[in-house]
Every structure is written in structure tokens, then in C-alpha cells.
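Place chain G on chain L using the hints.
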Amino acid sequence: MAIISYIDAVTQALREEMQRDRRVFIMGEDVGVRGGVFRATNGLYEEFGEERVIDAPLAESAIAGVAIGAAAYGMRPVAEMQFADFIMPAVNQIVSEAAKMRYRSNNDWHCPLVIRAPYGGGVHGALYHSQSVEAMFNSTPGLKVVAPSTPYDVKGMLKAAIRDDDPVLFFEHKRCYRLIKGEVPESDYTVPLGKADIKREGEDITVISYGLTLHFALQAAEKLAEEGINAHVLDLRTLYPLDKESIVEAARKTGKVLIIHEDNKEGGVGGEVAAVIAEECLFDLDAPIKRLAGPDVPAMPYSPTLEKFFMLTPDKVMAAMRELAEF
Amino acid sequence: MAENRHQAAGLTDEQVLDMYYTMLLARKIDERMWLLNRAGKIPFVISCQGQEAAQVGAAFAFNRETDYACPYYRDMGVVLAFGMTAKDMMLSAFAKAEDPNSGGRQMPGHFGSRKHNILTGSSPVTTQVPHAVGLALAGRMDGKNPVVFTSFGEGSSNQGDFHEGANFAGVHKLPVIFFCENNKYAISVPITKQLACKSVADRAQGYGFPGVSIDGNDPIEVYKATKEAVDRGRRGEGPTLIEAVTYRLVPHSSDDDDRSYRSREEVEEAKKKDPILRFSVYLREVGLLTEEKEKELNEQAAREVDEATEYAENAPYPEPESALNHVYAE
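Just so you know, the sequences run in chain order L and G.
The numbering used here puts the first sequence at residues 1 to 327.
The numbering used here puts the second sequence at residues 1001 to 1330.
Just so you know, not all the hints are guaranteed correct.
[Stated by the list, open to error] Covered stretches of chain G (in silico footprint by chain L; criterion: 3 or more residues with CB under 8 Å from a CB of chain L, positions within the stretch not fixed): (1) 1083-1096; (2) 1165-1178.
[Unchecked claim] Each pair of labels, with its calculated beta carbon distance range: (3) L/T305 with G/P1124: 36 to 44 Å; (4) G/G1236 with L/P192: 57 to 65 Å; (5) G/S1123 with L/E245: 43 to 51 Å; (6) G/D1202 with L/E186: 51 to 59 Å; (7) L/P295 with G/P1124: 27 to 35 Å; (8) L/Y128 with G/C1197: 42 to 50 Å; (9) G/A1196 with L/S139: 44 to 52 Å; (10) L/S139 with G/C1197: 52 to 60 Å.
Don't read these hints as lab results, they were simulated from the structure.
Backbone N, C-alpha and C define an ideal beta-carbon position, used for all residues, glycine too.
Here chain L stands alone, though its shape is the one from the complex (with noise of 0.2 Å):
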């Protein structure tokens, strides 16, 4: 298996589907000509023409609803928010239209769309270019959201999401983007949305995560062990609708549950997580919920030292996993 890097694994799921299915076709900002401004769509203007890789006007709300209006039609729109910071001129197209499209019909029509958006700090995007938005959509029933971890993944999921009769919202860490690479099939394969994944065994404490910092997990994990503490880690893959088996049986497999994401703390995916275990295997508890996860300011400020302090990194995540197995 060849070892890719999560950007090319996004690079190539969109390939693999354009070949496979002539309906799938991408639009947004600088998609075309200059393959995106994170190179995701590197090569594809030049393999399938500007048709079907549409340099779309600078309009997100546009770049959603004409996607939304061609999805309704039959074809397989991508489309792509240039940063996750900029979909909230879309957000009525993608809440209002996409998601409640088949429900609103009573299952007459239905929108078969992608949107991706790279999200996340840790790049010296300083407020606009680094946050976290999934919580915003994650109560959104008729919507899917999905933030992948890993380059297997990433292409798997991506590949599942445009094959999926409704619409998906991809988030994509874009500190991932370059710094995670991992082994990648050259086969067509699928990775099923709403599921979660255990990405390491152990017995000791449960982390659940996703995204940039479920690497921060992984990594604290392997030091952790040395210490005699051996972590258990589900990759949640999919925020909404959340995979609540999963992630009950995580929580009862060692007692002690820490949640950790990159999104401030209050109203993020994390509190929703608790409170599903809450409601499922509270008296299977050995310690309180914990939670470790952005602080509640705005957004990322942009001075190094700003960013610093509100990024998490593997050792603010080995210290809380380290505190959790203590308790």
C-alpha cells in the first residue's frame, strides 16, 4: 500500500470518482486553473476540463445553491468553501435548502451534494482562516457531517460522501493537510459514514475524538503506555449523526471518558458526546466526563504566541489523559 499524505488522499478520491462517475463534477474558488488554493484539486482541470472543474465567482452562498439546484437535477455536485471560516454566507443554502430538501418534499426530491471545507488552526490563519465550525451544523438532522482523520479515511469517506443520496458536509483539518500521511489502498474502496472507529486498543481510559488533535490522542497514547497507562481511542470520523454505539461502548470499556477537540469547549460536538453517555452508561462511570478542548474566545488570534495557547497540543493532551487515568 502506498503511504500518501491526507491532502493526496483527497486529490485522489475526488479523481477516482470523476473517472468512475461522469455526474460528479467540483466547483468553487480557485478549484480550476490554480488546482485550490491547498492544491486539492491539483491536476483536475487539466484531466477533466473547465466544465466539469468550475472556477466559480467569488460567492458562497452561490457556490452552494447552484450546487444544491445541480444535485437536484441528477449530477454529483463537489463543492468546495475555499476555508471553513467562509461558509457562513452559505449557511442558509446549506441548513435552509440541502438539508430539509427531501424531508420538505415528503421524499420527492433529494440533493446528492458534497461541500468540503478545510477547517482548523495551527497555521497562522490568525481569526478567519482557523476555526472550527462543525458544532454550528451539528444539529442539523438531513445533513451529514463528517471530519476525517486520516488519509485512509479521508478517501474513503470522501468517496462514501459524493456516492450518498444526501448532502454531506466534509471537513478536512487543514493541518492535516501536509504533516498526516498513512497507508492508502490503490483499490476502490469505500469507509461507511456514521461510523465511528477505535484507533487504538486499551483498557485504562477512553478518548474520544476526531481531527488534528485525535493525533495528539494517539501520540500521548504510545508515551502513555510506557508509563503502564494504555489509552483506548475512538476516532468519532462522523459529527453528526453521531455513531452513539460506538462511542457507549468505548465509554464503558474502561469507565473514565476524556473528549477532546480543537472547537471551543461550550456548545462543541464534545457536550453532546457526554451527554449521550450520560444518558446511556452514566452507573458504568468510574470518573466524571472530562472534556479538553478550545477555549471559549471568538476564534484564534493570529500571534504566535496567542496561537500557541489556544491550539491544543500532545502534551495538554498527555497531561489531561495522564490526570484522567489517575482519578
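Relative to the frame of chain L, chain G by itself:
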């Protein structure tokens, strides 16, 4: 005998009579809905009254088998012309399970029917405009090149989605007809407080395609302008913005009271230009409508509305638990 304007516009006698009946039927359904609302039988009405000529005149310019419509909430005339029926409208008004628009899930006026190429709509205004552009884009990729109708009010022409959609369609030269039904009020706010430019049609200039302002109470003029726009679209010459100037003869909805924002004299004056009356005068002048024929058409429409009302009133509501269905593909 008066000048025959419809033949000059390319419409047959049969087509104009069909247009007239569709306008009349829309009006009769709408009037019945108000009665049902005031009798406490249906919770809500949102009207097409006064705008039927604009709606039906425009819809007749499309190939209603293969083109698409992304209408707004007043467009009963459009959806009837695209194939929906009085029964479909009443099932929606009574929110019954069989309502083809939404199975009773949406308020009346939220049209949608895959069978009739009418894309499902919502309440936040103008969101349908980019969808129309997307349908046209997809239709071109697919090689079938349908022309797409989308409509909105003059107030809605302020929304970002109108401007973003129009710009996208202009850049990509897509066959979309942006059809503004300017009824002069966005609920209570008059057009003078909505637009600083002279007409909604002026807005097309910013997006590189033609904009025309026409008398929206004359179905033949509306048809003519729309047909030209549709033909341009089919020839690959891109979108057109049409502003059909008309008037809303009743309050915004069954929950509105328009006495607080417009005078009775103004409304009475507008009623003299009622598009249905005007069209019947024309049809009589060209000898297509007689008193007898008009009576017959009125009775036919009344019968259709009666039957639709009775059917819908007696039809079952959705099963309560069906509220859980169709969130995702099953």
C-alpha cells in the same frame, strides 16, 4: 373587431383560452382558500390574486414537459400551468397526506413536484434563484439544455441569492429566466423603500444580460417577452431578467391586514386593472369569448374547486409518526 394581439405573439386561439382558464382557476382556488380560512377550516393562505396574468403568461412560454420551474410562494398560476391541479392545491391547503408538494409538511404556497419539473421550495425568500441556475448548469452538462424559470418579488431582488445567482448565470451564459413579479409591496414596505434604481429590470445590467420591464397584467405581453427570453436561452445566448409590473389585490397573507399600509382607494383603483377582467374583455373583443362561454368556464372552474375542496377536506391527514420519515434516504 379589436386587433388580434395573441396571434401576432404566436399564440393560437386555443392557447389563449387555455391561458384564460388557468388564470381563472387560480383565482377561484385562491378565493375559496380565503373562505375556508375565514371559516376556520385551513390555517393559512398566501395569494396569487392580481398576479395571474404574469404567472400564466410566463409559464406558457416554456416547454412545460422538459423545462424546469423554481417558483416562489405566490405562483399558483405557474404551477397550474406546469401541470398541478386544483386538487393538488387543496390537498396542500388542508395539509393532507396526499399533498404532492410536501405530504402536508409545508405551508401552502411551497410548491414542488418532480413529476412536473417544479423544484421544491422553502420560505426564506430567493433561495430558489441559485437552484434555478444549478438546474440550468446541470441541464447543459447533461446535454438536454432545459430553460429554467425562477420567480421572486421585487423586495426579494435585494437578497444576496438573487445577485449571486444572476451573476453566476451571466458569467456562464445559462438559460435562466429571472422573473420578478413586482407587485409593489414587500408585505408592507413599498418599492420606494426597497430599490434606489428606477426598476428591477435595471439590475440585469450589472450582470451582463438584458432586463425588461413589462405590463404584468397583460398575459399576452408577458408571454411575448418571456418567449423571446426563452428562445434566447435555448439559442445559448444566456439569461434574461423580466420585471412584470403588477399588483397584489389582497393582503400579503391570511395573517396580514393591509389597511395599515395602503389606502382602500389605491386597492380599488388596482382592481379596475384586474388582469382577469382585462383579459376577458380582450377575448370578447376578438370574438373568442361570449357571455355564454364565459359563464361555462366560470362554472367549470367552480366545479373543479368544489370537487377539489371536498376531496381534500375528506382526505386523511398524515400518520403522526410519519413525521420521522424521509430525513435521509431509506
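Hints and how they fare:
1. 1083-1096: violated (count 0)
2. 1165-1178: The restraint on the region 1165-1178 of chain G holds, since 4 of its residues have a Cβ under 8 Å from chain L and three suffice.
3. L/T305 with G/P1124: 36 to 44 Å: Distance hint for L/T305, G/P1124 holds at roughly 42 Å.
4. G/G1236 with L/P192: 57 to 65 Å: Once the Cβ atoms are compared, 42 Å apart, the range 57 to 65 Å for L/P192 and G/G1236 is violated.
5. G/S1123 with L/E245: 43 to 51 Å: Check failed, 36 Å falls outside 43 to 51 Å.
6. G/D1202 with L/E186: 51 to 59 Å: Holds - the Cβ-Cβ distance for G/D1202 and L/E186, about 56 Å, lies within 51 to 59 Å.
7. L/P295 with G/P1124: 27 to 35 Å: 33 Å, holds
8. L/Y128 with G/C1197: 42 to 50 Å: Violated: the Cβ-Cβ distance is about 32 Å, outside 42 to 50 Å.
9. G/A1196 with L/S139: 44 to 52 Å: Because 39 Å falls outside the window, the suggested range is violated.
10. L/S139 with G/C1197: 52 to 60 Å: Violated, at about 40 Å.
In summary, the numbered hints that this structure violates are 1, 4, 5, 8, 9 and 10.
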